[in-house]
Amino acid sequence: MEWINTIIQGVLLGGLYALFATGLSLMFGIMRLVNIAHGDLIVLAAYVGLVVVETLGVHPVVGLIIVVPIMAGLGYLLQRALLNRTLGSDILPPLLVTFGLSIIIQNLLLEIFSADSRRINVGELDVASITINDQISIGVMPLIVLILAILVIFALQFLFYKTGLGRAFRATSDDQDIARLMGISNKHIFGLAMAVAMAVVAIAGVLLAMRTNFDPAIGPSRLLYGFEAVIIGGLGSLWGTLAGGLILGISQAIGAKIDPGWQILMGHLMFLAILVVRPRGLFPRSVD
Amino acid sequence: MNTKNNKFDMHGISRRNLMKVLAASSGAAALGLSPSRVFAAKTGKPFKIGFVTPASGPLAIFAEPDQFVLEQVKAATRDGIVIDGTHHPVEIIVKDSQSSSNRAADVAAELILNDEIDIMVAANTPETTNPVADQCEINGIPCVTNDTPWQPHFFGRGGDPKVGFEWTYHFFWGAEDIIGTSLALWEQIPTNKVIGTLWPNDSDGNAFGDPKMGFPPLLKEKGFELVDLGRYQSPSDDFSAYINEFKKQGVEIISGVIPPPDFGTFWSQAGQQGFNPMICTMAKATEFPAAIAPFGDRADGLTVEVWWSPTHPFVSGLTGQTSAELAAEYEAKTGRQWTMPLGFKHSLFEVAIDALKRSEGPGRLESIRDAIASTNYNSIVGPVNFQTGPVPNISKTPLVSGQWRKQGDRLELEIVENSQAPMIAKQAELRSLV
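Those protein sequences? They're chains A and B, same order as listed.
Under our numbering, the first sequence has 206 at position 206, and the numbering climbs by one with no breaks.
Under our numbering, the second sequence has 72 at position 72, and the numbering climbs by one with no breaks.
Since the hints were derived computationally from the structure, they do not count as laboratory data.
C-beta: ideal position from N, C-alpha, C; glycine also.
Heads up, a few of these hints could be off.
[Stated by the list, open to error] Short, incomplete list of chain A residues facing chain B, as computed with Cβ under 8 angstroms:
(1) Asn5
(2) Asn107
(3) Asp126
(4) Ser129
(5) Met141
(6) Asn213
(7) Phe214
(8) Ile264
[Claimed, not checked] Per label pair, the in silico range of CB-to-CB distance:
(9) B:Pro211 with A:Leu224: 28 to 38 angstroms
(10) B:Gly250 with A:Leu165: 53 to 63 angstroms
(11) A:Leu77 with B:Ala332: 37 to 47 angstroms
[Said to hold, decoys possible] From the structure, some residues in chain A lie toward chain B, with a derived Cβ separation under 8 angstroms:
(12) Gln9
(13) Leu16
(14) Ser114
(15) Ala115
(16) Asp116
(17) Ser137
(18) Gly139
(19) Arg211
(20) Thr212
(21) Ile218
(22) Pro260
Go ahead and model the full structure; you've got the sequences and the hints to work with.
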């Protein structure tokens, strides 16, 4: 029974990692952009959420609905004004620029919000849980995170494979030059892709803020798990990213059950094991 | 913002000239007012204080009182320090360690080699105080530090209790104090004495959990049963393994030394999983009211070690303020609730300026060092005397335990345990969380 609980908690943790990873997966899948500032953008979204909830006095869920378009708009502008200029055959400029962006965001947040550890107060929801029996109870908040992660991926899957915009995303991802010949404006498409990715970042950020304490410096530590989840799942595959997050979460939970010192290590070992067996991840979509 | 401005201001020559003009004009203005200042009107070289602080990065919360304290110190030393009839202005050069020990060592070296400071001060965790003190020891610069338990500072730098250090002095409490006050705290109310611990794999967690020097041997001696699963890697997003084990073993007390985001995750998960201990004493995470306020009612009753509070019965030698007055002025000026680093930042400059006053003047580094060594000073955090410490170069400050109580919409820290420092009055009795 204890092990069942361990697995359940691991799945819930995996939902969080998947949500962190989805934005990364999108950016890399469409634009081949390795975004070092991803963790800091999540923290930025958390602060935007905090400001919205505290100034407007709305429920965090309503706050989420407001933060998503704000971050999406910011994403479009960021891509058009800055990141598009860095993309090219060389992978180094976007890495350097997003690395710089990470430092800028951290220090701006520090200037504006101070180093205080903050959190969006969700009241009773914080400790609400569904009790199955003595040993198993499922926290409502982690469950919401997992369900939202699945919904987000479902929605993105629909966007990618059932809409014209999705077709344009996929075309640009496959071959930029040919897509341009077909009358697609790459710059605009990249801007839209970034907007979609940042909408996911907004959801991840607000949920992070509802789930635990955050401060301007915690972004980078969340980046590594995101990358691992993307790579376990296979680049460009959204369901793969979800699977990657869940595998990472369950591995960590099992590691922690054996010895808390093994929690993070077990995740990394699983990541390495999958790389050895399937170097391109579980469900690779693209062939490059 | 404070750091950048100071860096910018204080580097330029123009700043130095400005200081001279200001010092001269204040001297002149004083001519008609106070006869004592007439003799001090002769202006000499400035005393330069180098200050290394984690203004950005994960430790930045410790540096929040910096700007307020620096303004207070500037105001208090507006007329400079008078030595043998010569008036010496005081310059403070601030450098940000970015919460990294490498960066702290770099900026300390810059302060020593480029700015040619007369005395170094630094505070907040071994990541700041150890590299800065090491640089000062190598380069022969007098140095005062605080806000790192003395063992990680002294032994962490390879200190030998027989020899000590030549240039570097430190004042704070130690492992024996926090173990003493925590054990006395936990014995105040009847529990089953089963204690669960959250010790991460970092310098604090390993020191607290050390099987010889840390909590475990003394817990055993006092009849506590310890549930210690091992060191986890921080930051962590999942504590269910700990919580399940704590529930299984019937843990009623939890303790640890973890950063606020980890505690946030742990405390929420504990609530979700139905784990409700009677006492929760979490160093680091619950030291700052802003970090626990979002827990609402679940923050009410958390306990923590207290190194300084507005009720500490000490007075600043620099501003003449009591602890309560210092905290009140901070809250009025900044609009923020007082935190423990406020008193310690203030005392750091108190001790440095007291030593400069007793020295032979700027540039006379050996006399400044000797003045620090012979310090016998009553600061806002208690008496400081480096001759009386457990090892050379160390002075111990008192430590008690407190409990957060919700009063209106703000959390107040009340002293509930004072066995290690009876001069600090108890304000209330420990209350169980459940």
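Hints, verified against the model:
Given the 8 angstroms rule on beta carbons, the hint for asparagine 5 of chain A holds: about 6 angstroms separates it from the nearest Cβ of chain B. Hint on asparagine 107 of chain A holds. Least Cβ distance to chain B is approximately 6 angstroms, under the 8 angstroms limit. Taking 8 angstroms as the C-beta cut-off, the interface hint given for aspartate 126 of chain A holds, the closest approach to chain B being about 5 angstroms. Because the smallest distance between the Cβ of serine 129 of chain A and any Cβ of chain B comes to about 4 angstroms, under 8 angstroms, the interface hint for this residue holds.
Taking 8 angstroms as the C-beta cut-off, the interface hint given for methionine 141 of chain A holds, the closest approach to chain B being about 7 angstroms. Hint on asparagine 213 of chain A holds. Least Cβ distance to chain B is approximately 3 angstroms, under the 8 angstroms limit. At about 6 angstroms, the closest approach between the beta carbon of phenylalanine 214 of chain A and any beta carbon in chain B falls short of 8 angstroms, and the interface hint on this residue holds. Given hint, isoleucine 264 of chain A at the interface with chain B, holds; its Cβ is 4 angstroms from that chain's nearest Cβ, closer than 8 angstroms.
The supplied range of 28 to 38 angstroms is met by proline 211 of chain B and leucine 224 of chain A, whose beta-carbon atoms lie about 31 angstroms from each other. A hinted range of 53 to 63 angstroms for the beta carbons of glycine 250 of chain B and leucine 165 of chain A is consistent with their spacing of about 57 angstroms. Range check, leucine 77 of chain A to alanine 332 of chain B: Cβ separation about 40 angstroms, and the 37 to 47 angstroms hint holds. Hint status for glutamine 9 of chain A relative to chain B: holds, with the closest Cβ pair at about 4 angstroms, below 8 angstroms.
A least Cβ separation of about 6 angstroms between leucine 16 of chain A and chain B falls short of the 8 angstroms threshold, and the interface hint therefore holds. Checking serine 114 of chain A against chain B by beta carbon gives a least distance of about 6 angstroms; that is within 8 angstroms, so the hint holds. Residue-level restraint check for alanine 115 of chain A holds (minimum Cβ-Cβ distance to chain B is 3 angstroms; threshold 8 angstroms). Because the closest C-beta pair between aspartate 116 of chain A and chain B is about 4 angstroms apart, less than 8 angstroms, the hint holds.
Satisfaction of the interface hint for serine 137 of chain A is found here, the shortest Cβ-Cβ separation to chain B being roughly 6 angstroms, below the 8 angstroms cut-off. Interface hint at glycine 139 of chain A: satisfied, since its Cβ lies 3 angstroms from the closest Cβ of chain B, which is below the 8 angstroms cut-off. The interface hint given for arginine 211 of chain A is met, as the beta carbon of that residue sits about 7 angstroms from the closest beta carbon of chain B, less than 8 angstroms. Interface restraint check: threonine 212 of chain A against chain B, minimum CB-CB distance 4 angstroms, threshold 8 angstroms, status holds.
Hint status for isoleucine 218 of chain A relative to chain B: holds, with the closest Cβ pair at about 6 angstroms, below 8 angstroms. Against a cut-off of 8 angstroms between C-beta atoms, the interface hint on proline 260 of chain A holds, since the closest Cβ of chain B lies about 4 angstroms away.
Checked against the numbered hints above, the structure breaks none of them.
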